[in-house]
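My request is simple: use the sequences and hints to build the entire structure.
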Amino acid sequence: MTSSKIRPWIINALVAAIYIVLSVGPAAFNLASGAIQFRVSEGLNHLAIFNRKYVWGIVAGVILFDAFGPGASLLNVLFGGAQSLIALLIVTWIGPKLRTVWQRMALNIFLFTVSMCMIAWMLMLVGGGTAFWPTYFTTALSEFIIMTITAPIMYGLNKVLHFSDRIQ
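The sequence shown: position 27 = 27 (the UniProt record's numbering), numbered continuously.
Hints are computed from structural coordinates only; laboratory data are not their basis. Remember, it's a predicted structure, so these values are computed and weren't measured experimentally.
Computed list of lysine-lysine pairs in DSSO-like fashion (alpha-carbon distance at most 27 Å, straight line): (1) Lys53 to Lys97; (2) Lys159 to Lys97; (3) Lys5 to Lys159.
Shown next, in the form of structure tokens:
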């Protein structure tokens with residue numbers, strides 16, 4: 001295998017590792033799983049708007065954290081992985097049709113906020129009495145907040161690091 005074929009695998013492994021590390025902090029305060037989820041790592045979802053090859057590293061990070069982090073369960077892995085994969089695939093499909101990075105970031109924020117219905121549904125299934133709408137409200141709101149806060153950070157980092165060139 002040439003280095004050009006290995007590079008995306010290595011970069012995605014690093015993205016997955018960074019996702020896990022950034023999730024550990026909020027997990028210590030019970031803010032990485034459940035009805036309120038302030039995973040700083042969710043900001044890495046914005047990588048996909050710069051290059052779709054990042055999708056696999058992001059999804060791997062989500063799956064690994066959901067498999068081994070607090071609240072680990074098969075349902076958490078399936079729903080969390082599916083929610084991230086679906087939102088990221090949609091943003092990589094529609095995103096290139098948008099003119100600016102900020103439009104793509106806004107789409108990404110919107111998709112992840114709306115798709116938190118999957119997480120709320122999963123929490124309702126395992127929560128035994130957890131009501132869908134209040135749970136959806138809190139998960140969607142926390143996702144909207146963290147994705148909005150991290151958008152300008154990822155935008156600024158891209159100006160320095162040029163994410164689309166890193167994974168080529």
